[in-house]
Structure formats: C-alpha cells, structure tokens
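**Q** Protein chains in written order, with the working numbering: chain A, 1228 to 1538; chain B, 1228 to 1538; chain C, 98 to 361; chain D, 98 to 361.
Calculated directly from the structure, the hints in this document are not laboratory data. We treat Cβ as the ideally placed atom computed from N, Cα and C, and that holds for glycine. Check the hints yourself; a few may be wrong.
Below 16 Å or equal to it, Euclidean Cα-Cα: the simulated EDC-like pairs (lysine to aspartate or glutamate) are [stated by the list, open to error]:
hint : chain 1 : residue 1 : chain 2 : residue 2
1    : D       : Lys183    : C       : Asp187
2    : B       : Lys1440   : A       : Glu1360
3    : D       : Lys268    : D       : Glu227
4    : A       : Lys1393   : A       : Glu1360
5    : A       : Lys1442   : B       : Glu1527
6    : C       : Lys348    : A       : Asp1525
7    : C       : Lys183    : D       : Asp187
Calculated from the model, a selection of chain D residues having no Cβ within reach of chain C, i.e. all distances over 10 Å [to be verified]:
hint : residue
8    : Ser102
9    : Arg112
10   : His143
11   : Arg175
12   : Leu179
13   : Gln182
14   : Pro185
15   : Ser204
16   : Glu227
17   : Lys251
18   : Val252
19   : Leu257
20   : Ser264
21   : Gly269
22   : Trp298
23   : Gly361
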Amino acid sequence: MPAFERKDTHAMTRPEVDLAGIKLKNPVLLASGTCGYGQEINDLLDLELLGGLVVKGISLIERPGNPPPRIHETPCGLLNAIGLENVGLERFLSEKLPWLEKIDTAVIVNILGDSVEEYTQIAQRLNGVPGIEGIEVNISCPNVKAGGIAFGADPALAAEVTRRIKMVTSLPVIVKLSPNVTDITVIAKAVEEAGADALSLINTLLGMAIDIKNKRPALANVFGGLSGPAIKPIALRMVWQVARAVEIPVIGIGGISTPSDAIEFFMAGASAIQIGTATLVNPGSAAEVVTGIASFMDKEGIDDIRQIRII
Amino acid sequence: MPAFERKDTHAMTRPEVDLAGIKLKNPVLLASGTCGYGQEINDLLDLELLGGLVVKGISLIERPGNPPPRIHETPCGLLNAIGLENVGLERFLSEKLPWLEKIDTAVIVNILGDSVEEYTQIAQRLNGVPGIEGIEVNISCPNVKAGGIAFGADPALAAEVTRRIKMVTSLPVIVKLSPNVTDITVIAKAVEEAGADALSLINTLLGMAIDIKNKRPALANVFGGLSGPAIKPIALRMVWQVARAVEIPVIGIGGISTPSDAIEFFMAGASAIQIGTATLVNPGSAAEVVTGIASFMDKEGIDDIRQIRII
Amino acid sequence: MSRYSAICHIIDQIRLTRDIFHLVLNAPDIARAARPGQFCMLATAHGKGLDPLLRRPLSIHDVGPSGRLEFLYRVVGRGTDLLAQKGPGDIVCVLGPLGQGFRLGTSSSSILVGGGLGTAPLLFLARGLEPRDITIILGGRDAQEIVRLDSFEKVAEKVLVTTEDGSLGIKGLVTSALERLDISPSSHIQHPPAIFACGPWPMMKAVCNWAAIRGLAVQVSLETQMACGTGICLGCATRSSGQDRYLHVCKDGPVFFATDIDWG
Amino acid sequence: MSRYSAICHIIDQIRLTRDIFHLVLNAPDIARAARPGQFCMLATAHGKGLDPLLRRPLSIHDVGPSGRLEFLYRVVGRGTDLLAQKGPGDIVCVLGPLGQGFRLGTSSSSILVGGGLGTAPLLFLARGLEPRDITIILGGRDAQEIVRLDSFEKVAEKVLVTTEDGSLGIKGLVTSALERLDISPSSHIQHPPAIFACGPWPMMKAVCNWAAIRGLAVQVSLETQMACGTGICLGCATRSSGQDRYLHVCKDGPVFFATDIDWG
Ligand SMILES: Cc1cc2nc3c(=O)[nH]c(=O)nc-3n(C[C@H](O)[C@H](O)[C@H](O)COP(=O)(O)OP(=O)(O)OC[C@H]3O[C@@H](n4cnc5c(N)ncnc54)[C@H](O)[C@@H]3O)c2cc1C
Ligand SMILES: Cc1cc2nc3c(=O)[nH]c(=O)nc-3n(C[C@H](O)[C@H](O)[C@H](O)COP(=O)(O)OP(=O)(O)OC[C@H]3O[C@@H](n4cnc5c(N)ncnc54)[C@H](O)[C@@H]3O)c2cc1C
Ligand SMILES: Cc1cc2nc3c(=O)[nH]c(=O)nc-3n(C[C@H](O)[C@H](O)[C@H](O)COP(=O)(O)O)c2cc1C
Ligand SMILES: Cc1cc2nc3c(=O)[nH]c(=O)nc-3n(C[C@H](O)[C@H](O)[C@H](O)COP(=O)(O)O)c2cc1C
Ligand code: FES
Ligand code: FES
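With the rest of the complex left out, here is chain A:
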C-alpha cells in the first residue's frame, strides 16, 4: 500500500523499551491466558498498538482443561480453574503461530509442564522458531514427580527448571513467579541466579468460593486462581520487593486495568507490565493503558518510563 496510507502508529505506541533483549513498542503486554492466541481478540483490540502478548500456556500435549464450572466472580476479582486447556505445542506451531507471525507485535510463549523434562522439551522445540521473541515459564504448575508441589513454591525446583531451559534455548527466558509463597524474593533470587533473563509476577493467588445454594464449591476443581483488581495490592508489594532483590527486569502483573494502575507498578520498579483480567472485562483496556502511559510521560516530561521508579 502507498506510504501515505500506512498505519503510522509510532506516536500512538510509545515508549519503546528493551526487555531483556526483547524490543517492545511499549511496556504493555497481554497476560497469558487472557488473550488466547491473539487472533481471538484482534478485532476488538489492535495487537499492533501493544508491546506484545503472552499466549495461553502451552504444554507438550494438548490438554482438555478442567470440567465446568471453571470461573466464578468474586468482589473485584475473578477465580478461574481453566486447567490449562491448550492446543499443545505442535498445533500451536502449525495452527496459531503463522497468524501471529504476521502481526507486528512481540510474541512471548508461556510454557508449562508437569516435569522438568516437559518444560525442557517445549523450550528446545521453540528455540529458533521464527516469530517467537521470548519464552515465559509458568512455574505455578504442580510438579508431578516431586509429589505435586508447585515448581514455583520451591526455590531449588524453580532454579532447576530455569537452568535446564536456559541450556536448550537462546531465546530470552522470563520466569513467571507464583505469589503463593512465604517470601517471593527467595524464589526470585534463586531463579535469577539460575540464569533467568527476566521475571514476571504475579500469577494468580490460590482461592475458592462456595455455591451456597447447591452446597458445593463454586468451581468443579474446588480451588482456582484469583486475579483482577482485588489482588493488585499484593502484586504491587511483591513487585516492589522483587525489584529491590534482583538485577534482572521485572514484569508487573496483577489487577492492572487503568493507566494509573500501570504507573503504580512502574513506580514500584517494574520494567514492563501485563494486563490480564482487565482484557476479559473490557477488551480495549490495554490500548487505553498504552495511551495513558504516553500522556503521563508527556505531562511529566520524561522519555523513559523507568525514570519514575521510586528509589
């Protein structure tokens, strides 16, 4: 198409950032599990306006997910027990990635496994695949071999997964931490030492609800992950703590739905942020956050969002 017709989005997508080697148009990403594989949402939210997206967690083999009910609303929050339903690694590569490759935004692949081997196999397969800018390792899954304890709750396990993945890929490796721990900085430091290029936090908090009419848990899985505005204070505290404990960049996640929420996370020390539940509620949230950050920076007269970090 003629040059004058080309979508000139640069002014709309500031400020560019470099996140552990990944070039992003801006520090706003969509969180895993809340944007499908991108195509499902692109008509309602132009992905090219964003820094990037983290696709739904991919396992080696396709997973059907949990029986319904899978979701339940709570005060300012959402409980989900999707059960990591996903198309599996191979179908992701053949059916989902080709569409994403055509979109001018960073694609980060969230991966998950029941064993160190499963994580490693996926990471190895993704290495060198064009159109993938980074891997986000979801360590909230239970380690089947270690008796079901979550990788993310044990610093040694978390470090082990990270180290093994780093050995098989040259892609930037982002490790996504679970908030369901006594001291998240312990896990963060273990994972940093194991070679992680960046950290994402937080994943969902373990919660539940009861359907008192039917006298049973509201979710078929009993427990679910709590997300949304309700968890923002906890997420922000953990980002603040971790940003002060490690040298690698921290991606802030948890309850962000407005530009001012995002700015809180940058002030706490985040280098980028992800928007999750807000997209489910209002598909345009992430684009509004991008615009809001740009005008905040104009008002403050700064050109690097990291300048607003509170020391």
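Chain A is already provided as a structure; the job is to place chains B, C and D with the ligands on it using the hints.
**A** Positioned in the frame of chain A, the structure of chains B, C and D with the ligands alone reads:
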C-alpha cells in the same frame, strides 16, 4: 429490673455454640482491630447480640502505632498499617476491661509481642482475670530476636509461642494464623500439636499501594495488611484447607460482610467466624449476619450450624 | 462476523413485572451486525465502580430500525440489579454481537420453545425465520412470567402459553404444549419442523427428548458462567457429546445442535 | 453524643459548578443530633456494589427544619463521582453525626476562614455562634470555587471573598483578607475574636501563623484518610504537638485547637 422488662434477646442471638470451651451466644465475633475495646462501637452495634468480640491487639507496653497515612482503600479492600497502636496491657485491664465486663458477650483478648517472652508475660497476666473468656494469639508480628521473621511464617516459632503460652494460662488459647505463607496447613498442624485450642484465620495479606501524585507509597509504613471482600476467596480457601488438616475448631475470618459470606465459611468448615473490615464500613454488619444465619438455619431446618459443613 | 465495544445510551427501560425488565439501547453498530441467537456482554457497575467486575451476558431480544438494541432480563443478582437501576439517558457499555446464533435453515415450519427468560432470544429469532409457519411456546411458572406476549403474537402464526400454576394458558410445562401440537412419534414426518429451545436445562432436555422420539433436530441456546464472552478466557466450557473435549459456549455457541451437547 | 446509622432519601442534589454539588438529605435523627463541625460518613457505591468499599467523610454543611441534612462537596475521585450521580428519591446510607465539632465559646466576635470546600462546615457553624459578630472569609482559586455566597451572607455580618485569580473579591489568598481586618499584631486585644479555619493544610497553617502573632486561639477542622469514622480502626491518626502520641481525627476531632496539632 422486673423480669418482663428484661431484654429477651435469646431468639435474636441464636445459635449458641461451644468454641473450644468458650460459650458463645452465636458463632459471630468481631475481629481484632476493627471494634476497638468494644465501648467505641456499642452505640452503633449492640454487642450483646453477638457471640463476642476480640479486642484490639494488646502488647505489654503501650504502643503509639505508625505515622500517617495508615490506611488506603483498594478495590474492594482496605490496606492498613496501624502499627498495633494500643493502650498496653495494664491500661487495658484498668481502663477498658471494667466496661467490657458489664456486657453480656464473650471477650477474647488478642495479644502480640516481639518475643516469646513478651507473649508469655501477657498471657500469664491475663490468666484468671474475670471477664476474659479466651486469648487470641496474633503471630503475624515480626519476631525481633529471630531477625524480624514473623512468628506466623515459621512452624517451629509458631509452635514454640503456642506451647509457652499454654503453660502459663488456663484460658482457651486461639492462635491466629498469617496467610502470607506457602502452606498454611503446615503452620496450623504445628500449632495444633503445640496445644492450641482453636485457630483463627486469616489475618491480613501483605500488600501496598502507591500514591502516584506524590510519587511515594500510599502508606507511611510502605507495606500494609490487606483486608475486606477482596481477600475472601483466599481466606475461604485457607479455612477449607486447615479445617481438613486439623481437629481443633477453626474460626473463619476474611472479607465477611453478609450472611451468605458467613455461610460460605461454615460450609468450608469454620466453627465460628469473625467480622472485621465490614464493621468499619457498616457498623451493623455483624448483627445483620447473626440474623441472616438464624433465618438460613430456619429455612434449612437445622439447629447446629456445623451441620452445613461440606464433607 | 463483526464485534463492537460500544458505549450506549439507554433509550428506555421498562419494568414489565416485579423482576423482569425490558431494556432498549441505542447501539447502531451492534444492532446492524446482530443475528438471532447472538448475545452481548453488558457492564453493570455504575461510574468507575469495579464491582461487580465482570460484564453480564444477555441474549439479544430484538433489534429495531435506527439502531435499537433490546434485551429482556430478570433481576437475579447484583449485576442485573444494578442494571435495572439505570434509566433513559444513562450509559451502558456493551460488547457484541457475540457468539454463534441460530442456524435459520429452510424448514417449512418452526417451533420455538422458551422457558422463563429463555423466551428472550425467540422474538428476534422469529423475525428472522423464513418461511413463516411459526409456533412459539412460552412457558413460565405463572402468568407473571409470561412477558411481551403481544410482541410474540405479532411475529408468529401461533403462540401457546403454559404456566405451572395454570394462571395463564395451558397448565403444565412446555412439553404439555408440545404434546398438543400432535406431531406423533410414530409418524414419518415429511416436512420436519425446525425446533429451537431456550430455557432452564431440564426444560431443554425435555424438549430434546420429545424431539428425539420424533427424529427432529433441535437447536438449543445454552447458558454458562462467562468471564469474557469473546472466546479468550476458556471459562465457559460445556461438555460436548464427543469424548474428552469441551465446547465453549461464548464462541462455539451459545446456540448448539442438541446432539453436540453432553446432557449429563 | 448520639450517633445514627441511617438510610436516607435524597431530597435534592444541586450541581453548583462543574464539580461542586450541594446534597440535601432527609435524615431527622442525624440532623437533630448534629453540632457544627461534625461530619458524616456517606456510602457512595450503588446498589449492592462493594466498590468503592469505604464510606466517604463529609462535613455537615447545614441542617434544617424537618430533618434536612446538607452537604457541600467536590467531585475529586470515584466515591464523590458516584455520589454525584444520585438524584432525588435515591438512597444514601449515612453514619453520623460523628466527631467533635467546634467549641462555640463566648467570644464577642468570630472570624471564620474557609478555603476551597473547607467552607462547607462554616455555614452551620455561623448559625450556631452567639453573640453574632461574625466575619466569614471564603477563599478559592477562582470565582467558580466560591459557592453559596448568598447563604453565607445571610448568616454573617460580613463576608469577604478572596480568589487567587482575582475573578471575585480580593485577589490573593485568605490571608490577604485577614490582613485587611486590621487586627494589629502589636495591639493588646481586649475582646479577642474566636478564629475558625477549614481548608487545605497550607492555608490553615497560614491562618494559624497570622493568629499566633496576635495571640489568638484557632480551631481548625482537619482532614485525613478515614476508614470507619467512628473511632474503631485508628486509621485517621495525625501527629499531636505533644511528643510521640497520635490524635485520631474522627474521634478527637475533626476540630482541634491549632496548638494541639503538629504542623510538621
Ligand atoms: C449467552 C447467555 C445469554 C443470556 N441471556 C439472558 C437473557 O436474555 N435474559 C436473562 O434474564 N438472563 C440471561 N442470561 C443469564 C444472565 O446472564 C444471568 O442471569 C446474569 O449474568 C446474572 O447476573 P447477576 O449479577 O444479576 O447475578 P449473580 O449475583 O452474578 O448470580 C445470580 C445467579 O445468576 C447466575 N449467573 C451469574 N453470572 C452468570 C453468567 N455470567 N452466566 C450465566 N449465569 C450467571 C449465577 O450462577 C447465580 O445463580 C444469559 C446468560 C448467557 C450465558
Ligand atoms: C472530616 C472530613 C470532612 C470532610 N468534609 C468535606 C466536605 O464537606 N466537602 C468535601 O468536598 N470534601 C470533604 N472532605 C474530603 C472528602 O472526604 C474527600 O474528598 C473524599 O473522601 C474523596 O473521595 P473520592 O472517592 O471522591 O476520592 P478518591 O478517589 O478516594 O481520592 C481522591 C482524593 O481524595 C483523597 N481522599 C480519599 N479518601 C479520603 C478520605 N477518607 N478523607 C480525606 N481525603 C480523602 C485522596 O487522598 C485523594 O487525594 C472531608 C474529609 C474529612 C476527613
Ligand atoms: C482465565 C485466565 C487464564 C490464565 N491462564 C494462564 C496461563 O495459561 N499461564 C499463566 O502463566 N498465567 C495464566 N493466567 C494468569 C494471568 O496471566 C495473570 O498472571 C493473572 O491473571 C494476574 O493478572 P490480572 O490480575 O491482570 O489478571 C490466567 C489468568 C486468567 C484470569
Ligand atoms: C484496621 C485494622 C486493624 C487490625 N488490627 C488487628 C490486630 O490488632 N490484631 C489482629 O490479630 N488482627 C488485626 N487486624 C486483622 C483483622 O482482625 C482481620 O484478621 C482481617 O482484617 C481480615 O478480616 P476482614 O477482611 O473481615 O477485615 C486488623 C485489621 C484491620 C482492618
Ligand atoms: S466466556 Fe471467556 S471464552 Fe467464553
Ligand atoms: S477513621 Fe477509624 S478511627 Fe478514625
């Protein structure tokens, strides 16, 4: 006064319960720190309608508390960093308890310390004091001697505090657990084994907020405790887990503001519940919960609230 | 398939009974794109309140000229209660049209069965059907639950009403009305009517049984909990009749052929 | 001291400027018990929405016969925005009257200084003062911020207006008006006026400085974040001028003698 003028509240205050030896008119208590020492709120909420109240945490020596700002609102939640401001043990006994003694409701004293010795001293002093039905041990405080790690985050420390307190008092000892741990059942079991008569959970979740206009944490203390409806799913999950891990009664706390919230906790396995933040928002909440529980029981045709527990 | 995220003004909100409301919005884009059986997600919190967090799914009841978009709903909880408090001039954020609607097909006749507020999508459906030999069965607990009867009578050749307490129409369930249609199980039907059903699960199951005996295909409109309504959260799963696979009501449905669903 | 938790109907809600509202409720118990300088906690969420969670503190602007309870407020965030959306007939849950009001004393004259919406409690205060030699100084950024001038003129002998941009009254801050009152620092004042101030912190500080030089006592009405407003959460701490102790604005105040406060 003549018999016919006496306030006959029995019908309004059902159902009676026995909580680790403490007789309660009903299983609804006010949570520590959200009802002062009782007198402050009695004009807006008749304490005699309730099972009881847990007074503001008492330390050996009076504490001034944290500098302001001490509170900050979050989505469906409240962050507080009151800093355990309290009148201290002796003033509590001489200035606050005499009024409470005249009120026909159970009085439980929440105690806190920076060392095992401080906890023990307070517990010893409270032993045998008329008008006190039980002690609730707040183990969310940092243990100064153990380098600031919270008693509630370490099973051995938590058990030690419990054991020592049990040695010096014949009052029922309720241990109040912190939710900021990887596995709350580990702490719960350690404390049960150490002789606790009951457990209260949860205390607040550690969180923070940032005042982006002034570019600083919204609380002077930086971190604060998150309470209110936002945390209900997490509290309920922990009550469910702990009720299945221990034999002693569990008091459910966290985000309860309506009868149906309370019923969720009873279904999860709680033997009683406490109302915290809801009283700050609406002083009448606890009385409404009492009434709501009674009419729920009528509708279900049950006479013991523990019958609704999901097995 | 075009979907829109629109900020809509309320043109009218009419309280039909104690707890049933008829909401009319101005939403030209959504109204134009809408097909019978599709739904919208409506934000219910007021102002910048964040609670209730999720939007609520409501079937499109009707669309009209100049961008009218209509819903028919019952107040059952906090979200619908807040929605009912709004009035003309107020604003509602709406996402739609969403999902796969009814397949209109070419059957020479159609039977539309609605129970409770399951009647909501049937008006728009009836308008869209061709040829027009349409029977609508509206079932409710009592006469109060049978709403917008005159509108239904305008779009159908025949409207049958059933109420459980007999306060209006036939006393009984919608199946009582179906039995009266005299489509005999044994008869080999030359021009099988298309069957559409929306309502409580047991009602739809009963309609499906009735139809199965007669070899008739049924399209049902399902409800599940939904977070996004747009196909990204995978929260709205329902068991498919095929083994270990879930269908997603917001994108694969809400309308399904009854045979694709595991009726449990 | 009687406090009430009341469900009140809105009698009237008048938009005075773009962001300032005058709210009139029917709240007989609270209105009867109220004293100048006290405040109420108002629930702002609609229906059963839980967000915003906390009630918002507003000073009692005036009370009237037959149970009128009035507030004057500015929309600054989510809570006040939601409150402003309500209209006559709608319901607001109110807790009040709360806190310690102004000590009315027996000074032969009074000077009341309000900055911005700090003017809110001064009307009710002026009505309560006796003997009635009252000067009210209303300060604002511009003329838009000076609201209900006619009402203030009815209750005071003298009303002075200051605006920072000079669009109404004296150009400058409230201290410019104070200076004009010609209460000389050196003079030994025989009948010292009582001084009352409410507004932004720097404004109150300036008033206190002006008064301190003249040996005049000042009562100030403070604002802090509040959760309960009833004295149970201890969240509303402010430093007292006495060492390591905090005062609690909702129960020890909101009105304090300036000398009891640590002005930082
Ligand atoms: C595709 C679809 C179309 C629908 N069309 C209509 C319609 O046209 N008219 C109508 O009155 N209702 C319709 N519903 C149901 C309607 O969405 C729920 O009644 C509404 O979401 C309840 O919200 P609430 O906040 O008032 O109730 P809540 O307090 O959230 O819950 C009250 C009850 O409603 C159920 N519920 C809550 N959220 C949902 C949800 N997202 N989906 C389904 N059930 C839910 C709960 O399980 C509970 O039993 C439809 C649902 C779906 C999925
Ligand atoms: C005793 C007292 C009397 C008051 N009287 C009046 C009055 O008569 N008229 C009037 O317009 N305002 C008055 N205020 C201030 C009023 O309470 C706040 O403007 C209001 O709470 C803001 O709520 P919001 O949700 O709109 O804003 P938010 O979005 O919550 O916050 C916006 C701004 O208001 C501040 N704020 C939020 N909550 C409070 C709070 N609880 N107390 C103080 N500041 C807060 C925040 O720090 C922020 O700067 C009074 C405050 C107090 C403590
Ligand atoms: C429906 C849903 C599905 C999710 N799926 C995944 C996932 O597959 N992998 C993952 O790492 N996180 C997943 N998450 C967690 C989010 O990516 C995010 O960490 C969390 O929701 C907190 O952010 P929020 O409050 O903005 O939603 C999911 C969250 C939701 C709500
Ligand atoms: C203002 C405030 C003060 C509190 N002070 C105490 C305290 O002194 N001791 C204690 O054990 N818990 C204290 N808590 C925690 C509550 O007792 C309760 O465990 C917590 O708030 C969760 O319940 P909720 O969501 O119903 O408020 C305090 C909570 C609040 C909000
Ligand atoms: S509701 Fe989110 S995918 Fe269907
Ligand atoms: S606001 Fe709770 S004590 Fe003052």
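**Q** Run every hint past the structure and note whether it holds.
**A** Evaluated hints:
1. D:Lys183 <-> C:Asp187: Holds, because 12 Å separates the two Cα atoms, which is no more than 16 Å.
2. B:Lys1440 <-> A:Glu1360: violated, 35 Å
3. D:Lys268 <-> D:Glu227: Given that 16 Å is the threshold and the Cα spacing comes to 30 Å, the pair is violated.
4. A:Lys1393 <-> A:Glu1360: holds, 15 Å
5. A:Lys1442 <-> B:Glu1527: holds, 12 Å
6. C:Lys348 <-> A:Asp1525: violated, 40 Å
7. C:Lys183 <-> D:Asp187: holds, 12 Å
8. Ser102: holds, 22 Å
9. Arg112: holds, 15 Å
10. His143: violated, 4 Å
11. Arg175: violated, 5 Å
12. Leu179: Contrary to the label, Leu179 (chain D) does not stay out of reach of chain C, its closest Cβ about 5 Å off (not over 10 Å).
13. Gln182: The claim is violated: Gln182 (chain D) sits with its nearest Cβ about 6 Å from chain C, within 10 Å.
14. Pro185: The claim stands: Pro185 (chain D) keeps its Cβ more than 10 Å from every Cβ of chain C (closest is about 13 Å).
15. Ser204: holds, 44 Å
16. Glu227: holds, 42 Å
17. Lys251: Label holds. Min Cβ-Cβ 34 Å, cutoff 10 Å.
18. Val252: Label holds. Min Cβ-Cβ 34 Å, cutoff 10 Å.
19. Leu257: holds, 37 Å
20. Ser264: holds, 30 Å
21. Gly269: At roughly 36 Å from the nearest Cβ of chain C, Gly269 (chain D) sits farther out than 10 Å, so the non-interface label holds.
22. Trp298: Correct as stated: the minimum Cβ-Cβ distance to chain C is 27 Å, above 10 Å.
23. Gly361: Since the minimum Cβ distance to chain C is about 32 Å, Gly361 (chain D) lies beyond 10 Å and the statement holds.
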